Amino acid sequence: MTIQTDYGMVEYGPEDLIVFSDGIFGFPKLTRYLLLRINEDEDDSMLLMVSVEDPNVIFVLINPFSLCPDYSPELAPEELACLQVTDSGELSYYVICVVKNDYLDNTVNLKCPLVINPKTRCGIQIILANTSYGYGHTLSSFSSITDSNDARSEE
Amino acid sequence: MLILRRKKNESLLIGENIRITVIECASDGVRLAIDAPKQISILREELSEAEQTNKISLTPDMNSVWKLQSILHNKKKPEKEDNT
Chain H
1 MTIQTDYGMV EYGPEDLIVF SDGIFGFPKL TRYLLLRINE DEDDSMLLMV
51 SVEDPNVIFV LINPFSLCPD YSPELAPEEL ACLQVTDSGE LSYYVICVVK
101 NDYLDNTVNL KCPLVINPKT RCGIQIILAN TSYGYGHTLS SFSSITDSND
151 ARSEE
Chain P
1001 MLILRRKKNE SLLIGENIRI TVIECASDGV RLAIDAPKQI SILREELSEA
1051 EQTNKISLTP DMNSVWKLQS ILHNKKKPEK EDNT
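For the record, the sequence lines run as chains H and P. Here the first sequence stands for residues 1 to 155, where the numbers follow the numbering used here. Here the second sequence stands for residues 1001 to 1084, where the numbers follow the numbering used here.
If you're looking for bench data, these hints aren't it; they were derived computationally from the structure.
Using C-beta positions, here's what the derived DEER-type ranges look like:
1) 1008/P / 120/H: 36 to 46 Å
2) 4/H / 1006/P: 51 to 61 Å
3) 1006/P / 89/H: 34 to 44 Å
4) 134/H / 1058/P: 18 to 28 Å
5) 140/H / 1056/P: 15 to 25 Å
6) 19/H / 1048/P: 21 to 31 Å
7) 1004/P / 3/H: 50 to 60 Å
8) 1042/P / 140/H: 28 to 38 Å
9) 1042/P / 130/H: 16 to 26 Å
10) 1035/P / 43/H: 48 to 58 Å
11) 1015/P / 12/H: 41 to 51 Å
12) 1004/P / 1/H: 54 to 64 Å
13) 74/H / 1006/P: 22 to 32 Å
14) 1008/P / 19/H: 40 to 50 Å
According to the in silico footprint, chain P covers these stretches of chain H (three or more CB under 8 Å from chain P):
15) 23-29
16) 53-63
17) 96-110
Everything numeric in this text was worked out from a predicted model, so none of it was measured. The beta-carbon is built from N, C-alpha and C at its ideal position, and this holds for glycine as well.
If we strip away everything but chain H, and leave its shape as in the complex, we get (with noise of 0.2 Å):
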C-alpha cells in the first residue's frame, strides 16, 4: 500500500502501522499511523507520524528521553492493562513537538506522551498526573540542547 504525503509518496505494509485504538486526544477517527524517520540514516529519536487515513495529519515525534534523561512518565494500572504489559519499561515513549522557524522556540508535550508497546504495535495517548510536566517545554529549557550548542560555536 502506499499513501502520497507532503513530503513525498511512502510505501507500507501493515506490519508498519502503529494502531491507536481510541486515536490521540483531539483526533479520536484516525487510528493508523505511520512512524518515518526524517532521513534514512538517521536513528528514531526525532519522527514523522503520519495518518494512513487522512496523509494530512502529519506529528513531528521526539524521544523524550534525548531532551530530558530523567523524565519519569507514570502510567496508571488501566493503562499499562490496555497496553498489555506488567512493566512501564517494556513501552516505547515519544512527545509532539510544535515546529517553529527559529529552533528554540519550538515546544514539546511532556505531559501527554504517546506510549507505544513496540511488539504488538499498539499505541495509545495519555495525559499525565506528574505535575511537572507541562503541554509545551520550550526546547531552549533543555540544557542538553543549549550546552551542546554553545559549546559547538567554540569550535
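Given chain H, put chain P in place with the hints provided.
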C-alpha cells in the same frame, strides 16, 4: 470569577439547566456529579488542553523540521564539524 464553598451533597446551578453536586470530598480529590443537557460538552480541563496542543502541532513546515533534526543530530555528535 465566582468562588464558592460547597459541602458534600450541596449543589451549584449554572444557567437554567446545569447542576453540579459535590458527591464526595477526599484528600486526593473531589467527586462531582454533573447534570447537563447532552449537547453541552463537559471535559476535564486537561483533556481540552491536550486536544488543543495536538491541534497546534499539526503538519509542520518541513524546512523547520529538517533544521530541528540537524540540531538534535549535532547534539549527539558534537565533535563532528561536518553536519551534512
